[in-house]
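Each chain is listed here by its residues.
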Amino acid sequence: MTKLTINGKPHDIDLPADTPLLWVLRDELGLTGTKFGCGMALCGACTVEIDGAVVRACVTPISTLAGKHIVTIEAMSGDAIGKAMQAAWIELGVPQCGYCQSGQIMSATALLKKNPKPTDADIDAAMAGNICRCGTYTRIRAAIKQVAGEQGASP
Amino acid sequence: MSANVICRNPSRREFLQGASALGGLVLAVGYSGVLRAVEPQKKYGADAMEHGWVDNPLVFVAIQPDGTVSILCHRSEMGQGVRTGLPMIVADELEADWTRVRVIQAPGDELRYGNQDTDGSRSTRHFFMPMRRCGAAARQMLESAAAARWQVPVTDVRAQNGEILHVPTGRRLGFGALAKEAAALPLPAPDTIKLKSPAQFRYIGTGKLKLIDAADIVTGKAQYGMDTRLPGMLYAVIARPPVMGGKLASFDATLAQKVPGVIKIVTIDSTPGAPKSHPLGGVAVIARNTWAAMQGRKALKVIWEDGPHKSYDSVEYRATLEASARKPGLVVRNDGDFDAAAAGAAKRITAEYYLPHLAHASMEPPAASARIVNGKCEVWGCFQGPQLARDDVAERLKMKVEDVTVNVTLLGGAFGRKSMPDFGTEAALLSQAMDGKPVKVVWTREDDLHHDYYHTVSFEHLEAGVDAAGLPVAWLHRTVAPPIGSTFNSDAKQEGNGELGMGCINVPFAIPNVRIENPAAVAHTRIGWFRSVSNIPHAFAVQSFVGELAAAAGRDGKDYLLELIGPARQISPQKLSDSWNHGESPELYPVDTGRLRVVVDLAAKQAKWGRPLPKGSGLGIAAHYSFVTYVAVVVEVAVSTAGELSIPSVDIAVDCGATVNPDRVRSQMQGACVMGISAALSGAITFAEGRAQQDNFHQYTVLRMPAAPREIRVHIVPGDFGMPMGGVGEPGVPPVLPALCNAIFAAVGKRIRELPIGDQLKA
Chain X
1 MTKLTINGKP HDIDLPADTP LLWVLRDELG LTGTKFGCGM ALCGACTVEI
51 DGAVVRACVT PISTLAGKHI VTIEAMSGDA IGKAMQAAWI ELGVPQCGYC
101 QSGQIMSATA LLKKNPKPTD ADIDAAMAGN ICRCGTYTRI RAAIKQVAGE
151 QGASP
Chain E
1 MSANVICRNP SRREFLQGAS ALGGLVLAVG YSGVLRAVEP QKKYGADAME
51 HGWVDNPLVF VAIQPDGTVS ILCHRSEMGQ GVRTGLPMIV ADELEADWTR
101 VRVIQAPGDE LRYGNQDTDG SRSTRHFFMP MRRCGAAARQ MLESAAAARW
151 QVPVTDVRAQ NGEILHVPTG RRLGFGALAK EAAALPLPAP DTIKLKSPAQ
201 FRYIGTGKLK LIDAADIVTG KAQYGMDTRL PGMLYAVIAR PPVMGGKLAS
251 FDATLAQKVP GVIKIVTIDS TPGAPKSHPL GGVAVIARNT WAAMQGRKAL
301 KVIWEDGPHK SYDSVEYRAT LEASARKPGL VVRNDGDFDA AAAGAAKRIT
351 AEYYLPHLAH ASMEPPAASA RIVNGKCEVW GCFQGPQLAR DDVAERLKMK
401 VEDVTVNVTL LGGAFGRKSM PDFGTEAALL SQAMDGKPVK VVWTREDDLH
451 HDYYHTVSFE HLEAGVDAAG LPVAWLHRTV APPIGSTFNS DAKQEGNGEL
501 GMGCINVPFA IPNVRIENPA AVAHTRIGWF RSVSNIPHAF AVQSFVGELA
551 AAAGRDGKDY LLELIGPARQ ISPQKLSDSW NHGESPELYP VDTGRLRVVV
601 DLAAKQAKWG RPLPKGSGLG IAAHYSFVTY VAVVVEVAVS TAGELSIPSV
651 DIAVDCGATV NPDRVRSQMQ GACVMGISAA LSGAITFAEG RAQQDNFHQY
701 TVLRMPAAPR EIRVHIVPGD FGMPMGGVGE PGVPPVLPAL CNAIFAAVGK
751 RIRELPIGDQ LKA
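Just so you know, the protein sequences line up as chains X and E, in that order. With this note's numbering, letter number 140 in the first sequence gets 140, and the count goes up by one each step, no holes. With this note's numbering, letter number 317 in the second sequence gets 317, and the count goes up by one each step, no holes.
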């Protein structure tokens, strides 16, 4: 039995210790906002936040997560920057198919938490792990910059 | 049946039985089965598609007593914005209040909804008018109901943003209060339906509405095929034959069965003959969750019988295609006399281009769920063509089609892959094997890359005889590529009309002597539709060759391209030996070189064509007509001395006629630039011993943010709602690849004739 704290709620998970967090979220807990795209930490669709750090859930065994605080896209509306990011995503019409966008928003939110005024190079570095096959990259960049501008304007 | 809605809930299956009692309904159903029976001549556009179109408001619109308007979307959402676009058209003509509109996704049922095969960049151009009529008819029924309630002339009432207004008195009633009475009225006869004038549109073309699914997407609530959850659901992954036409020889599941969470191992029979849309067969591992199923599959020991394609090897195959392209092939267009004109030309120029297989690699790999209850099968999945999914499941499970329901989730990208519902049939077969329990089939990324319906591989041979000014008087194009037809008929070796008509035979250049040939090519893997399909190799070859001819003539690339296109004129596709014309009428949709010129000029002007650039930088241009839409692209590249390429900006100009949702046209063009650049830079699936060699995104690399263009500016040529519309989802892609390579040539003098570019700039 592994004890996990996900979006503030405790869960007891009765699965083998090597089970990646992704499948616990999706198949056991029904938190399907965290997506499966590659299973090898190559595409970023499964990005979650663990103790403030960006983590790919598809390669993170639950055995490593006891006592840690896991946040998924489903809780991002409760996060000031996450909520602003979601609003910018809607306003700028960022999503196309939308499948990768949970992961994109998780990475973008984590970036602004660490670096409120990212340069283009900072954005490239933070977002390079998140693939969007529909090609929304220019709008993702614009949305991040818009939120960074807003955050700067009203500290 | 609920009395308080304007029509029965479209998801209720008793509707069809009830329909015959509704008298007037049949008049409004315009699907092609009916039309063909009375009119034998050739049909085009939506009329020519299987099951045509339906414009009946009783099928597409339901109004609740509280005024909520439910509009049904019968086409699949894969990122193109169709769930916003089509309902927006209905809502506008209906005078609905968009903030009270709900969009409901239709299950697969083409007899009821018209064609649902979401491909060919067709949804808006084929359903713009039916959806307008649908909204307008519903509006007129509400207006008639209000006039009857108030006992006033119907000419005195008018629908306005979710209400009916009595103009002389200012009295108002909400749609919800009138829905019941309106539903009891006969449908307006087709010739009495009054459409808005475009000046009256409040949503169409205005760009005011946000995506209907955006809020769900950004909060993680949006449901894709991968996300379906059903009570008691089991999860499956499948080991499939790695070579097309292969099958299971033997397997040992002893270890797999010991993996915690694994419940059952099931075999799926391969289908003999052409692959079609059928499952590949193999060994399925069914488990408590996806991870356990994956671990179980890893533990399987499987021996495959590879079959006739076991030696498919991309290096050898390339040589085969090359040899074919250097010999005469089936002549598919022949204007004038190429041989004589080329012999008499001042100079002959030849170039050859090679493009590898591509995988779609949508971010959501294929996924579907199924369960069987009381002999009826229900399927959920990310299908571009839910009717085909339904037909396939019924056939394979030996059920009646009406006993199969196929629900369409959001599609996490598709790009043509998900028009083939093999994964849906897999889910249904596994549910059947589990006594009807719900089973979800998950394709891993490796499954997706190993078992795609790949974009074809092609070799393109071009020759031109040019005059003293460097302009071609003779043009020869030999295109060689295993055709999509081979997926349905193993003997097919020639490109079909639909492939040749994608920018190969229908080049609209002002050249008197043109010969197009198509030597045969045998397919050794499943070939399918990849966003813009054969336009990719054809446009790459043609527009790169134009760049080469311009360079040979010492001319500016844009000026030369315009001169080759020639004066503005409308050319019948038949004159270009194109009998297909994207399925559209040759009269309504001639090839309009004036429109092609306009997009070339627009892209060039917006990119400031001709501006001075630093050493190692360059601009490249290309233009292409596909899906009855005109697109031109200018790419700016910078190549470092180390051969590192960056793309500061792209300007893409599009003339697709009038636009319903201009922001989605922009987003599709932006996406097309990224997808085209991705394919050009690194896209390649290669085969050895019959097997695809790329496993995941570390080997099949796709464009990421740092390498993507920093800016993509989209320029839309204003359109007229009175004129035929063009496609949007696909036509942006084809000119991107040659514009990029023409830019590279301008920057560093290196001509790319083989894709992907890979390390070619680093040599």
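Some hints here could point you the wrong way.
[As the list claims (entries may be wrong)] Over 10 Å on every C-beta distance to chain X, these chain E residues come out as not near it, computed from the model: (1) R158; (2) K221; (3) M226; (4) D227; (5) K247; (6) H278; (7) N289; (8) E316; (9) M363; (10) E364; (11) G610; (12) D663; (13) Q670; (14) R704; (15) P706; (16) E711.
[Unchecked claim] Part of the chain X face toward chain E, derived, beta carbon under 7 Å: (17) I73; (18) E74; (19) G78; (20) Q86; (21) Y99; (22) Y137; (23) T138.
No wet-lab data here; the hints were simulated from the structure. Ideal placement from N, C-alpha and C gives every residue a C-beta, glycine not left out.
Consistency of the hints with the structure:
| no. | hint | verdict |
| --- | --- | --- |
| 1 | R158 | 32 Å, holds |
| 2 | K221 | 7 Å, violated |
| 3 | M226 | 6 Å, violated |
| 4 | D227 | 4 Å, violated |
| 5 | K247 | 26 Å, holds |
| 6 | H278 | 25 Å, holds |
| 7 | N289 | 4 Å, violated |
| 8 | E316 | 30 Å, holds |
| 9 | M363 | 4 Å, violated |
| 10 | E364 | 5 Å, violated |
| 11 | G610 | 25 Å, holds |
| 12 | D663 | 5 Å, violated |
| 13 | Q670 | 6 Å, violated |
| 14 | R704 | 5 Å, violated |
| 15 | P706 | 4 Å, violated |
| 16 | E711 | 6 Å, violated |
| 17 | I73 | 4 Å, holds |
| 18 | E74 | 5 Å, holds |
| 19 | G78 | 11 Å, violated |
| 20 | Q86 | 4 Å, holds |
| 21 | Y99 | 3 Å, holds |
| 22 | Y137 | 4 Å, holds |
| 23 | T138 | 5 Å, holds |
Checked against the numbered hints given earlier, this structure breaks hints 2, 3, 4, 7, 9, 10, 12, 13, 14, 15, 16, 19; the rest are met.
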